[in-house]
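Taken in order, the sequence shown gives residues 137 to 729; the numbers are from my numbering.
One should not assume that every hint holds.
Below 30 Å or equal to it, Euclidean Cα-Cα: the simulated DSBU-like pairs (lysine-lysine) are [to be verified]: (1) K384 with K218; (2) K670 with K218; (3) K550 with K236; (4) K236 with K218; (5) K636 with K236; (6) K324 with K636; (7) K670 with K236; (8) K557 with K384; (9) K392 with K550; (10) K324 with K557; (11) K557 with K218; (12) K636 with K670; (13) K636 with K384; (14) K705 with K550; (15) K705 with K670; (16) K218 with K392; (17) K181 with K236; (18) K705 with K324; (19) K705 with K384; (20) K392 with K557.
Quick list of simulated restraints, FRET-style, between CB atoms [to be verified]: (21) S564 with H614: 25 to 33 Å; (22) A241 with D685: 25 to 33 Å; (23) L532 with Q581: 40 to 48 Å; (24) F215 with T447: 31 to 39 Å; (25) L439 with R546: 26 to 34 Å; (26) G677 with R546: 32 to 40 Å; (27) F282 with Q193: 45 to 53 Å; (28) A241 with G195: 39 to 47 Å; (29) S564 with A604: 38 to 46 Å; (30) P325 with Y388: 36 to 44 Å; (31) R560 with H606: 30 to 38 Å; (32) R689 with V563: 19 to 27 Å.
Because the hints were derived from the structure by calculation, they are not lab data.
We treat Cβ as the ideally placed atom computed from N, Cα and C, and that holds for glycine.
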Amino acid sequence: MSRGQTQRLILISLAAIPLGVAMSGVAVLLTHLIDFFTNLFFFGKLSLTPASPAANQLGPWVVFIPAVGGLIVGVMARFGSKAIRGHGIPEAMEQILENKSRIPARMTWLKPLSAAVSIGTGGPFGAEGPIIATGGAGGSLLGQLFSTTASERKTLLAVGAAAGMSATFNCPVASVLLAIELLLFEFKPRSFIPVALASVVAASSRSFWGLSQTVFAMPPIAPVSLGELSFYLGLGVAVGALAVAITKAVYYVEDKFEHLPVHWMWWPAIGALGVGAVGFFEPRTLGVGYSNIGDILNVSLPLAVVAALCTLKFLSWSIALGSGTSGGTLAPLLTFGSGTGLLLGAAASGVMPFLHIQPHLAALVGMAALFAGASQALLASVVFACETTGHVQALLPLLGGCSVALMTARLLSKNSIMSEKIVRRGVSVPSQYEADVYAHMTVGQVMETDAQVISAETPARELLARIAAHDPTVSRRHAYLLTDAAGNLTGIVTRGDLIKAAESLALDGAVLALGNANLVVTYPDETLHTAIEKLLQHEIGRLPVVRRDAPTRLIGYLSRAAILSARGKVIREESHREPGWLESKFEETAKSG
């Protein structure tokens with residue numbers, strides 16, 4: 137990292153700290169807004185006191201409360217910004233990949249307000265998605281207020297998003313990992329250092345707002361035996377398949393809404409009628425439902441209630457999310473995952489009591505595994521479960537279950553619930569990160585040493601005639617390096633230069649007059665990344681390679697084909713299987729026999 141890049145990193149990091157503080161305040165504000173609308177619509181009072189829609193006494197009238205919220209959200213989307221629809225993370229990903237991380241300023245208030253209305257009127261969503269989206273919009277806005285690069289704006293967007301999640305769940309490490317796996321699309325100090333600082337500050341600010349340090353308190357977890365671990369691996373397979381099924385179901389419902397013969401502004405209200413109907417039969421499906429997750433993790437609900445709650449919550453959530461209203465996905469996924477883990481753990485305990493399965497641990501692994509399978513953010517899911525419960529000793533079964541869940545989900549579906557929406561719009565979403573081959577390979581490793589060199593005094597007509605006659609000494613190249621009588625590099629001439637001169641009948645004189653004497657060169661110890669930057673900056677297609685201590689002494693030639701050969705090396709290493717020593721020994725024995 138150069139001195140200038142280090143200075144920019146310091147500036148972005150300094151900006152990330154107050155942004156982290158601000159996002160913790162936004163998280164609290166959104167929570168209060170949700171409480172305000174919940175009290176207003178379900179209990180008819182003006183209050184910021186925490187309230188749950190499940191305690192309402194509205195009877196059948198409860199069916200229409202979510203529809204009112206859906207109508208308001210639809211109007212806000214129609215006349216404010218269509219981008220408030222959905223759960224926020226896919227939209228942030230799209231802005232990063234397609235719009236240089238520029239999010240309109242109005243999203244900093246439209247998204248949280250629409251989400252507060254949607255959830256406060258019973259929408260079965262979590263607040264974390266809108267908070268992440270709002271934080272991302274705030275970071276993007278900060279990056280647009282000042283002179284920044286697209287990469288710096290991306291970092292600030294991820295800073296705001298991670299800070300919002302960290303403030304909501306007190307999970308700074310998981311927030312950094314989520315930003316890396318879903319938003320940054322890179323693992324570089326220039327991006328994850330500011331994100332880490334903002335996440336730490338946001339999590340630390342929770343105490344200022346009087347928030348508890350453990351979001352989901354759980355009973356102690358005993359050490360896991362090998363037999364019990366095998367169950368959690370199998371649980372990962374089942375939950376991974378469930379993650380794919382949930383993703384397909386949500387987008388199936390969304391596709392059905394696309395065929396409704398009414399304007400999309402009305403869809404959230406129509407979907408909310410289904411939310412209200414489900415909420416009439418099971419009030420606990422209404423609203424955020426973090427308490428439901430805590431009850432499942434503490435095994436304080438009858439299994440029949442857990443099964444009904446998860447089924448009805450999924451029905452309500454898929455209809456609401458498919459209708460395009462504003463809300464998050466994480467809390468519902470945590471509910472489904474923990475409930476599934478608990479139910480499968482109970483079933484396995486009845487059949488195989490000798491495994492000594494811990495039901496609350498089964499619920500925790502199921503929760504994290506569904507998060508991993510649906511979002512395809514493995515590390516964030518594992519660490520999130522540890523941080524939100526305070527149970528680091530659960531790391532082993534969590535890592536195993538989440539890894540298998542992700543492997544199963546990737547086997548069954550290429551896209552996650554986060555990326556499916558924007559992939560359908562034609563956006564290619566990176567799904568894996570690797571070291572940049574151009575950053576660690578040097579010019580000297582790929583350069584061509586048999587550069588086409590001719591005398592700078594060669595007559596232009598003579599060179600053109602030799603090319604036309606397919607002279608093997610000059611016909612192989614599209615560019616020719618020019619040297620003087622002492623062998624010093626003096627310029628370069630391309631076939632394009634010769635053709636242009638021929639068209640204007642200006643072929644008299646030496647080739648040096650037609651070429652370029654102001655050379656851009658590279659050195660054998662420079663990285664290919666640096667050489668590519670030179671090519672792009674000067675809009676050229678090739679570079680002479682010279683010695684640093686003797687800039688006119690030519691030692692090689694770097695063409696675009698040579699640069700691509702570095703990528704070809706990586707492809708060959710990934711696809712070409714070499715025979716192992718056991719296989720080779722078997723073949724030798726077979727031949728000798």
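Hint numbers the structure violates, sorted upward? 2, 5, 6, 13, 17, 19, 22, 31 and 32
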